[in-house]
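Trainee: Letter by letter, the chains look like this.
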Amino acid sequence: MTAPDLRQDQRMDQIMAVLLRSGVLLAASLVFIGGVVYLSRHDLPAMNYRVFQGEPPELRTVDGILREAAKFHGRGLIQLGLLLLIATPVARVLFSVFAFIYERDWTYVGITMIVLTLLCYSLFGGGGL
Amino acid sequence: MNTLEFTLLVGMGSLLAGLLGSLTGLGGGVVIVPMLTLLFHVDIRYAIGAALVSVIATSSGAAAAYVKEGYSNVRVGMFLEIATTVGALVGAAVALHLHVSVIAIIFGLALIYSAVASLREKSERKTDVAPDRIATWLRMDSNYPTPNGMTQYHVRGVPLGFALMFGAGVLSGLLGIGSGAVKVLAMDQAMKLPFKVSTTTSNFMIGVTAAASAGIYLSRGYIDPGMAMPVMLGVLGGSLIGARVLAGATVRSLRLVFAVVIGFLAMEMIYNGFAGRM
Chain A
1 MTAPDLRQDQ
11 RMDQIMAVLL
21 RSGVLLAASL
31 VFIGGVVYLS
41 RHDLPAMNYR
51 VFQGEPPELR
61 TVDGILREAA
71 KFHGRGLIQL
81 GLLLLIATPV
91 ARVLFSVFAF
101 IYERDWTYVG
111 ITMIVLTLLC
121 YSLFGGGGL
Chain F
1001 MNTLEFTLLV
1011 GMGSLLAGLL
1021 GSLTGLGGGV
1031 VIVPMLTLLF
1041 HVDIRYAIGA
1051 ALVSVIATSS
1061 GAAAAYVKEG
1071 YSNVRVGMFL
1081 EIATTVGALV
1091 GAAVALHLHV
1101 SVIAIIFGLA
1111 LIYSAVASLR
1121 EKSERKTDVA
1131 PDRIATWLRM
1141 DSNYPTPNGM
1151 TQYHVRGVPL
1161 GFALMFGAGV
1171 LSGLLGIGSG
1181 AVKVLAMDQA
1191 MKLPFKVSTT
1201 TSNFMIGVTA
1211 AASAGIYLSR
1221 GYIDPGMAMP
1231 VMLGVLGGSL
1241 IGARVLAGAT
1251 VRSLRLVFAV
1261 VIGFLAMEMI
1271 YNGFAGRM
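One line per chain: the protein sequences are A and F, in this order. Per this note's numbering, the first sequence starts with residue 1, numbered consecutively. Per this note's numbering, the second sequence starts with residue 1001, numbered consecutively.
Only chain A is shown next, with the shape it has when bound in the complex (with noise of 0.2 Å):
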């Protein structure tokens, strides 16, 4: 087997950069506006975090986080940054499937879409577990 291309792996991990900056840095935005619609409207006491409540179901499920966003309410915007900030690394590796493809490496095809899998069971069916 030869040695992968080197170019065109650099080129791969230069759009991969910009992927990953450009994920975080929208999802802090969302992090930080959701934050100040949240304090705005919160003029009360600090939650009690010592004792565990667990969150609501609207603020657990894709779904959920969306329709809450949607309302404009500071938590479900907060949350809605956080999915997003936790989607990056899932389209990192969404993205490195389709380089893999084009770069005809099926091996790491394979590899890549195991790891895509498990990703995507944890974000949708991890409540089960």
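Read the hints as simulated data drawn from the structure, not as lab findings. Please note: incorrect hints may appear among the correct ones.
As the list claims (entries may be wrong) - Label pairs and their computed distance ranges (CB to CB):
#, chain 1, residue 1, chain 2, residue 2, range
1, F, Ala1275, A, Phe98, 30 to 38 Å
2, A, Pro57, F, His1097, 14 to 22 Å
3, A, Pro57, F, Arg1133, 45 to 53 Å
Said to hold, decoys possible - Which chain F residues face chain A? A few, computed with CB under 7 Å, are given here:
#, residue
4, His1041
5, Gly1149
6, Gly1207
7, Val1208
8, Ala1228
9, Leu1236
Stated by the list, open to error - Which bits of chain A does chain F cover? Going by a derived footprint, with three or more residues having C-beta under 8 Å, they are:
#, segment
10, 29-41
11, 98-110
C-beta atoms are modelled at their ideal positions from N, C-alpha and C, and glycine is treated no differently.
Based on the hints, put chain F in the right spot on chain A.
Mentor: For chain F alone, kept in the frame of chain A given last:
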């Protein structure tokens, strides 16, 4: 204390944690959980949820820089991510059923290990190890930039590295940390990768590992937006400032101070765990 004061205090603490974490190379996530549980008396489950999110933020931010410079080995990272994500899923599932005291004790032990590992001398060894059958088949051998130009290296010990990575994943899912220390151990010691490649590839992998467990923590209601918001923004900001200040060299005395602080935090977590005060 009202919500605004709490948010600002946690945010400032996280900023400091992120700054120290990036200056010492230990990562901000490691101090977040002890800070939140010991100082702010937050339940460890909320603390782990918030730490995980901040780990994804800093690792993705830093990985972007390193990937661009051509240090990290994307093939090695992707292959080992099978082990770390499976491990992270196992760790997160186990964490849901463990008593918080047990988690606190394991956390303390992991902290001590990270502190000790951070103090080890990091010297670049000779890279002339012989090629290995599995690594060659997986096309892992690559090159990286050194002062003498691009230098070739071979990868070895893939099965042992894979097994260690599974362990790193379990710890990450269980404790909400990046487990960078164990990841570097796997690549640097077991797989004989150049040190610079090990650390940057580890950083590159941490985000994916943390995302695997974060999905489970989110769907189980462990990630609270009011808690995670100041932590994530603080750690990210602190690590960005740290990366500016640092620009290459690490101050050894600072690393020593930080390791001692972490050692104390670890002891207190273990003590609280045994005393049932978590």
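Trainee: State for each hint whether it applies.
Mentor: Do the hints match the structure? See the list:
no., hint, in the structure
1, F/Ala1275 with A/Phe98: 30 to 38 Å, "violated (52 Å)"
2, A/Pro57 with F/His1097: 14 to 22 Å, "holds (21 Å)"
3, A/Pro57 with F/Arg1133: 45 to 53 Å, "holds (51 Å)"
4, His1041, "holds (5 Å)"
5, Gly1149, "violated (13 Å)"
6, Gly1207, "holds (4 Å)"
7, Val1208, "holds (4 Å)"
8, Ala1228, "holds (6 Å)"
9, Leu1236, "holds (6 Å)"
10, 29-41, "holds (count 6)"
11, 98-110, "holds (count 3)"
Of the numbered hints given earlier, the model fails hints 1, 5; all others are met.
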